[in-house]
Amino acid sequence: MRLRRLDLTRYGKFTDRSLDFGATPAQGPDFHIIYGPNEAGKSTTMQGWLDLLYGIPTQSRMDFLHPYGAMQLGALIDIGTEAVEVIRTKGRTGTLTDPAGNVLPEAVMQGILGGIDRAGYEAMFSLDDETLEKGGESILSSQGDLGQMLFTASSGLAEMGQALDGLRNTAAAFFKPGGRSGGLADLKKTLAALDEQIAAQDTGARDFAVLAQARDQAQAALDAAQAEQDDTLARLHLVERQFAALPLVTRLTLIETDLGALPELPPVPQGWAAELADLAREQGQTAVRLEGQVAQIDSLHAEIKAATDDPAMLAQDAAMTEAEALKSDYDGAVRDLPARRAEADQVQARIDDLLRQLGSEGRDPAGLVLPAPVVASLRALMERQSGVAAALETARQEEAAAAERLADLTARLGGDGGAAPDLALLAQVAQDVLRGDPDADLERVRGLEATARDRMDAALARLLPWRGDGAALAALSLPEAPQVQGWRQTLAEAQQAQARALADAARVTDEAARITAQMQAEVAAGQVTLEDAARVRAERESLWSVHRAALNAETAAAFEAALRQDDQVTAALARAQTAALHRAEAEARLAALEIDRARHEAEAAAAAARMAAVRDDLARVLPEGLDPATSPEALEAWMRRREAALEDVAGWQAAARDLAGATRRQASARDALAAGLRAAGQSVEADAPLAVLAAQARVVLERAQGRAALVEARDTAAVDLRRRQAAQARAAADMQGWRDAWQAACAPLPLAADSPDVATVGEVLDLLQGLEQAWRDLDKLSDRIGKMQANRAAFAAAVAALAERLALPEGDTSEVWAALRARQRAATEGQARRLAAQEKLTAAEDKAQALRGRLAETEARLAEFCAYFGCDDSASLHQVVMQAGQRQDLAAERDRLARDICEGMGTDSLTEAVAALEGLDRPQLAAERDGLIAAQQRQAQALQRLYADLSQAQGRIEAVGGDDAVARLHEERQTVLLQIEAEARAFLRHRLGIVAVEHALQGYRDSHRSAMMQRASEAFRTITRGDYSGLAAQPEGEREVLVAISATGASKLARDLSKGTRFQLYLALRVAGYHEIAGARATVPFIADDILETFDDDRAAETFALLADMAGVGQVIYLTHHRHLCEIAQRICPAVRVHALG
Amino acid sequence: MPYRFVHTADLHLDSPLKSLALRDSALAEVIGNASRAAFARIIDLCLEEAVDALLIAGDLYDGAQTSMKTARFLTQSLRRLDAAGIETFIIRGNHDAESRITAQLLLPASVTVFGAQAGVERRAKGALEIAIHGISFARPHAPESLLGRFKAPVPGAVNIGMMHTSLDGAAGHDPYAPCRLADLQASGFDYWALGHIHARAHHPGACHVVMPGIPQGRDIGEAGGKSVTLVTVADEGTLSVEARATAVARFERLEVPLDGIADWAGIVAALSGALRAARRDLAEDHLVLRPVLTGRTPLLWRLRRDLGLLLDEARVTAEGIGTLWIDKLEQACTDDARPDTAGPLAELARQIAGMTTPPAAILAEADAVMEALAKALPKDLRGMLGDDPATQAAIRDALLQEGAAEVLAHLHGLEDDA
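So the protein lines, in turn, are chains A and B.
Heads up: the first sequence runs through residues 1 to 1142, numbered per my numbering.
Heads up: the second sequence runs through residues 10001 to 10418, numbered per my numbering.
The hints are simulated quantities; they were obtained by calculation from the structure and are not laboratory data.
None of the values given here were measured: they were computed from a predicted structure.
Beta carbons are placed, not taken as given, at the ideal position from N, Cα and C, and that holds for glycine.
Honestly, I wouldn't trust all of these hints.
[What the hints assert, rightly or not] A few chain A positions that, by computed beta-carbon distances, are all more than 12 angstroms from chain B:
| # | residue |
| --- | --- |
| 1 | Leu-157 |
| 2 | Ala-389 |
| 3 | Gln-789 |
[Stated by the list, open to error] With the Cβ distance kept under 7 angstroms, some of the chain A side facing chain B (calculated, not the full set):
| # | residue |
| --- | --- |
| 4 | Phe-151 |
| 5 | Ser-154 |
| 6 | Ala-967 |
| 7 | Arg-991 |
If we strip away everything but chain A, and leave its shape as in the complex, we get (with noise of 0.2 angstroms):
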């Protein structure tokens, strides 16, 4: 099968593109290289070519510009002599269809296939960068072994040896004999743990026996204890009944003897006795404390009578109580009065000495003292003077002052005030002149433009041997650069033509020379003819008729030695015919290596043709001057430095440019300030500099400016002299104002001038105030005085109208006073002493009553008892009373004794209990009840230890317990067993399956190794360029190994070769693989993706011509974005046709 159309229609980035292939060539290789830089879409149109075979993926990602359900393939395929076209589209059914878009079921596709699946053609007719490395590697893998490689090299499967170590590691990840680790020893021990832990935790039946029967024989030992002890335990509680009833039996017989004693008697009612005892102590208390009651009423009649009765003092305590408010004041009065009156008299005093000072003796001070806002008036104007008087000092003094300094600036101008003439147009002119500096810059410029002269100097001398100026040099025509550049890349490759056509026929040339070398060696081995042979045969069959006719030595002898003739001459006639055989190959090899040393030579005088053209055409575009030989390069050289030197040349004129401008601003600078120092009034010099100029009008400029200086300072004097004589007036006004109002203010004063200085005025207002102060003070003593004498007599006259109305004695108020205090005491304290007594003696009397009243109470009831016992007095009753109680308490003692002694005996009669006890005796049963207590203690222990021992073998098996951990742990044990016995399988699936597929692949070697063996020697000798001779097998242990076998004919291991020699050996034994499944069935087209970029040029012509070998079997289509690559299989295979892409 054949591509012979590829229509990609709506694919990727193409649309509507077609690949044609053409028909099968008639002779020749179908070889074909589709050619397109990157990104052109190679890998896309591989891709297409498969999604057209197989149907587009469901994920494709060649929709980014046709969507899915548009994207569309086609093809033209050649099936023998038929042509089919199909179209195949996106989608999930029917997406295969004829152009006339009928749908075409998949297993037409499938039968021009032959059954390659997608991924078998991928595997099988494909080849790229990324195979050859695996190949590379898997030659590794496989260690040689020639039945793997063969295999990997037909198949396409370049990881087999990878794939099946992972497969033997897995394995051996499992169990390797001898190995003590891995998953298998792992779970075996996981086995071991919970066969422990089982033993550890389970009980068996046998086990489970014994403890048992340790059981029960526990429990048989305890009952028998208990049953001893019963016993023990009864005896003992009947002796301790007697021992105990003994005593009471003789107790009983001394109370019935009491109870004959006593008197008979009537029973003492219930709760008589403590009655009575309660009666006598009552009736003896109470009479005791009536008796005291008594006295105490007679001597409260006795205090009534001798507490003291005044009413008379008492009627008084309204009185009494006036006059003692009056007492306080009296007494200070008494004490104050004489201190005040010397008071009063020294105040006095002061006053007549402070209107002698005044001068106004025996006048009364109340006309003297001044109103307060006439004292104020005159402090406020004391107080101004000083301030009034000294600003009009300094109003003066700087009045002074100002005058001074106005005249002095009068005199410096010398009465001079004249105005200047104008300078505001020379300011003006200098400021613009000489902002620029016109000398510096004219002086810049200048050396500028020199150097700019300089480099064009240079620039044009580097143009030599070509002379000329600028314009000269603008003015020449040269050829473009791209003309150039397309002389210069035409060249370089007619070179490397010759150059490479020189070599190969040199290779070609060295080759024939071998060859013919070879033929001529191996002309020398001897020459036999096939009639000496047949001679020789003859004479060997007779000689062999003789011997078995007489089968002697002698005939055997001469049979021996026709047979080793006729070996010798067989072997000759062999070596001969296989040298023949060579010189014949050899011969033919001569023949086509001529054929090739002719074409390279052809090939080298072409090229030298096509450079001989390129320099004529160049010659003729050189400029004048320069040598006709010059390079393409050099050209290109001298090209750039024009351009370097007419940039210099435009430089220079700038800088001329600029020197000539400086030149004209600073003549015209010079011109203009020599006008305005003329308009100035200033004489100029004709030819001055303009340095001159500007140093005079600075002069001009500056003298003007002092002068108006100083005018400026005159009028600001004459200003200021104005303002302090106006100030000097306002002063004197305020000092004037100041004295008039004093004048005024002094009238009112007690003074002989008139007009008074302030001091004096200032010691006369101290003393009136002194004045009034001491007039003051002496009123209010006078005051004090009058009030003190006031109080004084109404004590007095109230202490005499007491005593008046008490009929007392008259005499000195306080003594009086003292009598009338002691007389009211001593009245208030009796009537108190009376009143208290009084109710005394009521509650007295209240409580004598109530005593009376209970002791005939207590009486009446004694004398009841007294008739219930038939006696006369209290004192027999109480004897009466106490025999009685004791009679009946023995009664009851004997009734309890009788029940206690039944009840211990275990009988219903007394008379039964006490026969029972007859003849026992207390020390006897004392003896039998120790021993039957220590018996029991011993029994009690025993029993103790019993039950210990009873619960810890029923402990025993009640641990045993009914859980389920051990069932757990079996069931563990048991999914452990089964994942050992899984994993176990798999592994043996796999080290079986391994030694199956070994032997297999032993048996594809057997079949496929002469062909495929013979190809790829020669395909590997053709790659390699004669640095191995060729492949063959050699035995290692049970298998055989590939080795290479080098040009020098040393045998190399397959895994010994550089890396670079196994990539080589991988495809040549691809190219064998190739050839070997061409052999087995209809090829489909084989492509090869750029596998050729790490190859030298000549290692690539070699695989080229591999592949154009192939492609004399089947299609075969190279994909390359390397345009060298295209012309060197051109050269190699002429009919090799090249699809330019993109």
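Since chain A is already given, all that's left is putting chain B on it; use the hints.
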């Protein structure tokens, strides 16, 4: 007043479940020791239904079972019935006769264990007369029929016979007290409470012959629903028989047809769909399933190579469902013939397929591998590679073919990845 009883057999208490699904510790936790859980359910059933008696027709536990914990669990469970006034009747089966823990059992008073001599227990309930007959196995084997040794049916009573028997030879079972169904039906008994065979069988008629089967399946060989029998004897003496489910976990094979599925995702979807359907259809609390992949698929090579991945997918689905677990995956698909018959891979496959009588060198190498492994295996598994040379050879040849197919599947995978 009717007389009611539950009939079970083959409890095999504490006999472990056998499934790789139990590698999942979560499953081991919930259904571990399911034999006990199933028995507990039987006891619960007796209590809920307030029956008069529980009949256990042999094989309380495995013969090799020696743990007294098992026996104690049995007695603890029977005490619950005793406390509720429900009687228990037991005959010993072949496994019980073997077991050493049998002798140590201390059973409650309400439990009757029949001896090796025929015994009859008579009970009256209302107007009903019930006679329960039973004979225990004295030794692990009973090659002769026990039927002739039973006492004659009691006239006027409902006669129930308890017997441990393989009947007339069930497949996979040695003969244990064999007897013919027809003989049982003609024996004059009203109900035969049988045990020994682990699959349920009920032969109705004038005389009901019932084999209740094991109440909890232990591996995929005991797949399907498991139950006990609840029998009601009506006042007039007629019997009604019903099955009651008991299993905590059900083992089941699940066929997953893959015909017409062209990609791996389709296979995963078919498998997970089948698992969900199974969970919907089956009522047991837990399902332990063994999906069996069948049908014709072009992805057979992928199944051979990636069965482990598919098992993981199945486990993920099962984990999502929660109460469903995967025992293992069984692959029983057939392949379309490879369309490319001329390629090197096809040639290699033909070579292997043609190896029906493999060369001696291969056999020797395979035997050596197997022998080395057999030596390293734990004692319990030594038999997995065959006990006699003929079996061993058959296993070896099968492994060679299976293994080669699996290795080729890996190579096929390389081509696909290329």
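Status of each hint after checking the structure:
1. Its closest Cβ contact with chain B, about 5 angstroms, brings Leu-157(A) to no more than 12 angstroms, contrary to its assignment away from the interface.
2. The claim that Ala-389(A) lies off the interface holds: its Cβ sits roughly 120 angstroms from the closest Cβ of chain B, which is beyond the 12 angstroms cut-off.
3. At the 12 angstroms boundary, the C-beta of Gln-789(A) stays outside the reach of chain B, the nearest C-beta of that chain being 126 angstroms off.
4. With its C-beta approaching chain B no nearer than about 6 angstroms, Phe-151(A) sits inside the 7 angstroms limit, and its interface hint holds.
5. Contact between Ser-154(A) and chain B, as hinted, is supported at the beta carbon level, the nearest pair being about 5 angstroms apart and thus within 7 angstroms.
6. The criterion of a C-beta within 7 angstroms of any C-beta in chain B is met by Ala-967(A), whose closest approach is roughly 4 angstroms, and the hint holds.
7. Satisfaction of the interface hint for Arg-991(A) is found here, the shortest Cβ-Cβ separation to chain B being roughly 5 angstroms, below the 7 angstroms cut-off.
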